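Enquirer: Sequence:
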Amino acid sequence: LVHRGGRVRSRWHLRVNAIVLGWLVASAVVATAHRGVPNARWLMVHALLLGAASTAILIWSAHFAEAVRRRPLRGGHRDQAVRLATHSVGAMTVVAGVSTGSSAAVVIGSVLVALVALWHAVVLWDQGRRALPSTLGWTTSYFVAAALSLPVGITLGVLLARSDGSAHARLYVAHLATMLLGWIGLTVMGTLVTLWPTMLRVRVQPGAERAARQGLVALTAGLALVVTGVATGVLGLAAA
Numbered sequence: 001l002v003h004r005g006g007r008v009r010s011r012w013h014l015r016v017n018a019i020v021l022g023w024l025v026a027s028a029v030v031a032t033a034h035r036g037v038p039n040a041r042w043l044m045v046h047a048l049l050l051g052a053a054s055t056a057i058l059i060w061s062a063h064f065a066e067a068v069r070r071r072p073l074r075g076g077h078r079d080q081a082v083r084l085a086t087h088s089v090g091a092m093t094v095v096a097g098v099s100t101g102s103s104a105a106v107v108i109g110s111v112l113v114a115l116v117a118l119w120h121a122v123v124l125w126d127q128g129r130r131a132l133p134s135t136l137g138w139t140t141s142y143f144v145a146a147a148l149s150l151p152v153g154i155t156l157g158v159l160l161a162r163s164d165g166s167a168h169a170r171l172y173v174a175h176l177a178t179m180l181l182g183w184i185g186l187t188v189m190g191t192l193v194t195l196w197p198t199m200l201r202v203r204v205q206p207g208a209e210r211a212a213r214q215g216l217v218a219l220t221a222g223l224a225l226v227v228t229g230v231a232t233g234v235l236g237l238a239a240a
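Following my numbering, the numbering of the sequence shown begins with 1 at its first residue and continues without gaps.
Any given hint could turn out to be false.
Unchecked claim - The following label-pair restraints were derived from C-beta to C-beta distances: (1) Ala211 <-> Gly165: 38 to 48 Å; (2) Ala240 <-> Arg71: 32 to 42 Å; (3) Gly236 <-> His13: 39 to 49 Å; (4) Ala218 <-> Thr198: 18 to 28 Å.
Hints are computed from structural coordinates only; laboratory data are not their basis. The structure presented is a predicted model; accordingly, all values stated were derived computationally and were not measured. Glycine included, each C-beta is placed from N, C-alpha and C at the ideal position.
I would like the entire structure built from these sequences, with the hints used as guidance.
Expert: Spelled out as structure tokens, the structure:
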């Protein structure tokens with residue numbers, strides 16, 4: 001049964017990570033033919049981050065949450081497949097909207113991506129609520145916080161596309177901070193806290209959980225100050 005379960009997981013990861021590979025190939029194609037592609041720089045960045053990186057985060061944060069919580073996510077691979085498919089459709093709709101200049105397509109795609117992130121966050125939170133306490137289970141809180149930051153970054157991105165002048169500059173920085181420090185950064189931090197002791201084959205030290213929880217509070221509070229300060233033009237908040 002263990003061997004069979006391992007084969008099922010292997011097939012699952014092989015299939016879903018093909019989506020990541022597809023986005024990476026698309027980003028490489030745009031980079032190669034960028035001179036003849038409208039909005040090539042935007043497309044390269046978003047095929048890589050909104051496409052490949054975000055898909056990988058949805059896949060692997062779910063995997064690590066199940067590993068450290070020792071409990072499957074509600075809905076299993078079926079619901080994960082729905083989330084991945086919806087995210088892919090949403091991201092492709094955003095890309096198509098920007099390429100064709102369709103604001104409606106950008107908004108629709110953005111809403112789909114944001115809804116997937118919120119669904120992902122709820123499923124991770126629900127798993128933590130139902131699971132028994134475990135040594136590294138608390139690290140999934142990083143994944144929940146990261147998922148909640150994605151809709152904020154997407155909203156800022158939509159507003160960014162409709163802005164100009166000084167507001168455009170402020171929203172640009174706020175959008176980057178939320179996506180890179182929140183969605184990607186918090187996920188990376190949670191993964192490192194999970195993987196590092198495992199890779200070194202050492203026990204988590206006493207007090208590590210408390211320190212990691214305090215770190216998450218500091219990181220999310222800092223991110224909120226940066227985004228609020230930059231978006232409103234109160235740069236003292238961002239500096240703090």
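Enquirer: Please go over all the hints and tell whether each is borne out by the structure.
Expert: Consistency of the hints with the structure:
Checked against the hint of 38 to 48 Å, the C-beta distance between Ala211 and Gly165 comes to roughly 43 Å, which is consistent with it. With their beta carbons about 39 Å apart, Ala240 and Arg71 fall inside the hinted range of 32 to 42 Å. Checking the proposed 39 to 49 Å range against Gly236 and His13 shows it holds: the Cβ atoms sit about 46 Å from each other. One distance hint, 18 to 28 Å for the beta-carbon pair Ala218 and Thr198, holds here, with the actual separation near 24 Å.
Of the numbered hints listed earlier, not one is contradicted by the structure.
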